[in-house]
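For the protein sequence lines, the chains are R and V, in the order given.
Quick note on numbering: the working numbering labels position 107 of the first sequence as 107, and the sequence is numbered without any gaps.
Quick note on numbering: the working numbering labels position 138 of the second sequence as 138, and the sequence is numbered without any gaps.
Think of the hints as simulated: they come from the structure by calculation, not from any bench.
Watch out, some of these pointers could steer you wrong.
[What the hints assert, rightly or not] Here are some of the chain R residues that sit facing chain V, going by a computed Cβ distance under 7 Å:
| no. | residue |
| --- | --- |
| 1 | D121 |
| 2 | Y124 |
| 3 | P210 |
| 4 | G211 |
| 5 | M214 |
| 6 | V215 |
Glycine included, every Cβ here is placed at the ideal spot set by N, Cα and C.
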Amino acid sequence: MSDRPDNTSRCPFTLDRRRFLQGLGAAGAAAGLGGSAWAGSRDDAAGAHAVTGAPVSTTTQQSHPFHGRHQQGILTPRPATGMVVVCDVLARDRAGLERLLRILTERIAFLTQGGTYPKRDPSYPPADSGILGPTIAPDALTVTVSLGASVFDERFGLANAKPKHLQRMTGFPNDALEPARCHGDLSLQICANTHDTTIHALRDIIKYTPGLLMVRWKQEGTVPVMPPSPDLPAPSARNYLGFRDGTATPNTDDDALMNALVWTGADPDEPDWTHGGSYQVVRIIRNFVERWDRAQLAEQEAIFGRRKESGAPLSGGSEYDKPDYANDVDGQITPLDAHIRLANPRTPGFEKHRILRRPFNYSNGVEANGQLDMGLLFIVYQADLEAGFITVQNRLNGEPLEEYIKPVGGGYFFTLPGAIDEHDVLGRSLLEATAPHA
Amino acid sequence: MSPRALFFAASVFGLMALQTPAQADVDPEALVEPIAEYKLYVLDNLDQFVSHTEKFTQAIEAGDLERAQALYAPTRVYYERIEPIAELFADLDASIDAREDDYEHGVEDPDFTGFHRLEYGLFKEQTTQGFTPYAKQLMTDVNDLESRVQDLTFPPAQVVGGAAALMEEVAATKVSGEEDRYSHTDLWDFQGNVDGSQKIFELFKPLVAEEDPAFVDRVEKNFAAVEDTLAHYRHETNNPESGFVSYEKVSETDRRAFVGPVTVLAEDLATLRGKLGL
Chain R
1 MSDRPDNTSR
11 CPFTLDRRRF
21 LQGLGAAGAA
31 AGLGGSAWAG
41 SRDDAAGAHA
51 VTGAPVSTTT
61 QQSHPFHGRH
71 QQGILTPRPA
81 TGMVVVCDVL
91 ARDRAGLERL
101 LRILTERIAF
111 LTQGGTYPKR
121 DPSYPPADSG
131 ILGPTIAPDA
141 LTVTVSLGAS
151 VFDERFGLAN
161 AKPKHLQRMT
171 GFPNDALEPA
181 RCHGDLSLQI
191 CANTHDTTIH
201 ALRDIIKYTP
211 GLLMVRWKQE
221 GTVPVMPPSP
231 DLPAPSARNY
241 LGFRDGTATP
251 NTDDDALMNA
261 LVWTGADPDE
271 PDWTHGGSYQ
281 VVRIIRNFVE
291 RWDRAQLAEQ
301 EAIFGRRKES
311 GAPLSGGSEY
321 DKPDYANDVD
331 GQITPLDAHI
341 RLANPRTPGF
351 EKHRILRRPF
361 NYSNGVEANG
371 QLDMGLLFIV
381 YQADLEAGFI
391 TVQNRLNGEP
401 LEEYIKPVGG
411 GYFFTLPGAI
421 DEHDVLGRSL
431 LEATAPHA
Chain V
1 MSPRALFFAA
11 SVFGLMALQT
21 PAQADVDPEA
31 LVEPIAEYKL
41 YVLDNLDQFV
51 SHTEKFTQAI
61 EAGDLERAQA
71 LYAPTRVYYE
81 RIEPIAELFA
91 DLDASIDARE
101 DDYEHGVEDP
111 DFTGFHRLEY
121 GLFKEQTTQG
131 FTPYAKQLMT
141 DVNDLESRVQ
151 DLTFPPAQVV
161 GGAAALMEEV
171 AATKVSGEED
181 RYSHTDLWDF
191 QGNVDGSQKI
201 FELFKPLVAE
211 EDPAFVDRVE
221 KNFAAVEDTL
231 AHYRHETNNP
241 ESGFVSYEKV
251 SETDRRAFVG
261 PVTVLAEDLA
271 TLRGKLGL
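Only chain R is shown next, with the shape it has when bound in the complex (with noise of 0.2 Å):
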């Protein structure tokens, strides 16, 4: 299943050969000649090779089971590199949703385990396309399915089972929506290790869904690697403004608090078939870098009621620890419109309004004004659209942060829940819930 050796043995013998030849001098003179390393020795190929090789990652064969009660993308663990990619559905019917639906579930349960593709006839194009080698690694990837408000329309016989918070997302008061960048009948988060592979995997699932999917809108983010650390639990990422991201989120090994805040389930006005299932919400949020990195520090962390450093709140203590605003009612020291004070105020009642976030940072190119278009590609799961995003979201409204950030696309969605085994497709439950009566 690897496509190279035991990385882990190779790494160190990779350097000992690059620190070898370096020692020799003569070799890699010789390897520099114009094009001399493909005509000269091994040595001579290998000191190409220190410049052109490809990288060494020991995570490669890392996996996720696809097959689960929930998909996976939300509570796994976070990997470096992400992308939304919303499509619209070209199927026309029931059949072709059905289709597309199972079509789905094969490239997914594949991708994310990886393995090799059928080999053609040199005259055909071929299975793949061939970016990731001829056998694909996993290396960490998820690939996770959730539909738009738009897919309950007419076409499917959807409408009478949509999910009872679904809708299309309306822009909030500082947003500035841009209609190419929003809304859409399926989206897919595909995360993994590295960025070719979730390239990888879209590129097999455009292949093998002519017809069915048309792209929308795409957009890639990566988080910030850190090396291993002692403490625990772990440092959060920073996002694009230096800040830590994600220090407040419920903890994800508490099945009864996931159960409550993150999967669909408990709300008896919810369709049975949304059990197990989650809103996904995705932001492009554009961040005014520029602008941000030339603001105080001391406002930057008012703005945010953090420190920048070490992601502490400003009422004390390490990243962790709970903001004091009991002993701080007027303010004084976390500022009340405080981007952490307003999206959780820490008061009775108010754990229910909890949102998993699982954002990535974005960067796309420049502006016409010659500024850097990057910003936060915010993603968050929820058990509730409405107790959970919307919510937050309307307290945030008129934050000072916004003078910082534009949101400018992105949409709401539902998750599915999760293809339990072999024979299960992705939206079965719904499907069945919409059979029509023979």
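Got chain R; can you put chain V on it based on the hints?
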């Protein structure tokens, strides 16, 4: 007629088989006749292309803006049909059919000539003034193309691969409406590409029909689906000569309705060379 929402028959497209396709055992001799027939098709279209280009360029030289505008799309159709062969001559393809995006300085670029340079004048600037040199150049290039194609031995792989290449053209530049962004006559080009692709498929169909009837059935149904959609936007539904409404009148929904069958055709026709052992 006025454009209206389109709904295809159930499950017409998207039935593409995902397993490894079977390879037909095709005798290379069997390719000779369809290749010869295709050359006749190309020459016939080139003949029409030359005579239509004459009328089109004469209208520009005579300063007849309205006539030149009317002849722009009906002239291009012949070129769009035979693009797999025309594109073999990269220099002429650039001078006849390049778009402003192909040049760093866009419409101001001195190397930008051909149909789309004229389109900019006729539809954006609404004038024929100063376009005689471009018209003369176009006529020269089109005549040059005809004589070069007459001398050409048609490469079988290029011809068979042309069926898919034309659908790639549609998928990449027609659906978005970027090909004819000033005249909005994209549906004419769209039809030309589809005609050319379908012609190639029809010529080689007998060689694959026995081996893979499901493939043939699927391709025919998807061509029919595209044809249906195009027909909705003709001035007269059943008259291919009547021409098309402006692409601006094609709704976002209907533009997307093209994407399904066009993508499946592109995937399917990409296996035609393999099926014929090319």
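Hint R:Y124 vs chain V: min CB-CB distance below 7 Å? This interface hint holds because 3 Å falls under the 7 Å limit.
- Hint check: is the beta carbon of R:G211 less than 7 Å from a beta carbon of chain V? Where the cut-off is 7 Å and the nearest Cβ of chain V is about 3 Å from R:G211, the hint holds.
Can you verify the interface hint for R:D121: is its Cβ closer than 7 Å to any Cβ in chain V? 5 Å, holds
- Answer holds if the nearest beta-carbon of chain V is closer than 7 Å to that of R:V215; otherwise answer violated. 10 Å, violated
| field | Restraint satisfaction for R:P210 [CB to CB of chain V, less than 7 Å] | value | 4 Å, holds
Was the hint right that R:M214 lines chain V, CB cutoff 7 Å? 5 Å, holds
Of the numbered hints given earlier, the model fails hint 6 alone.
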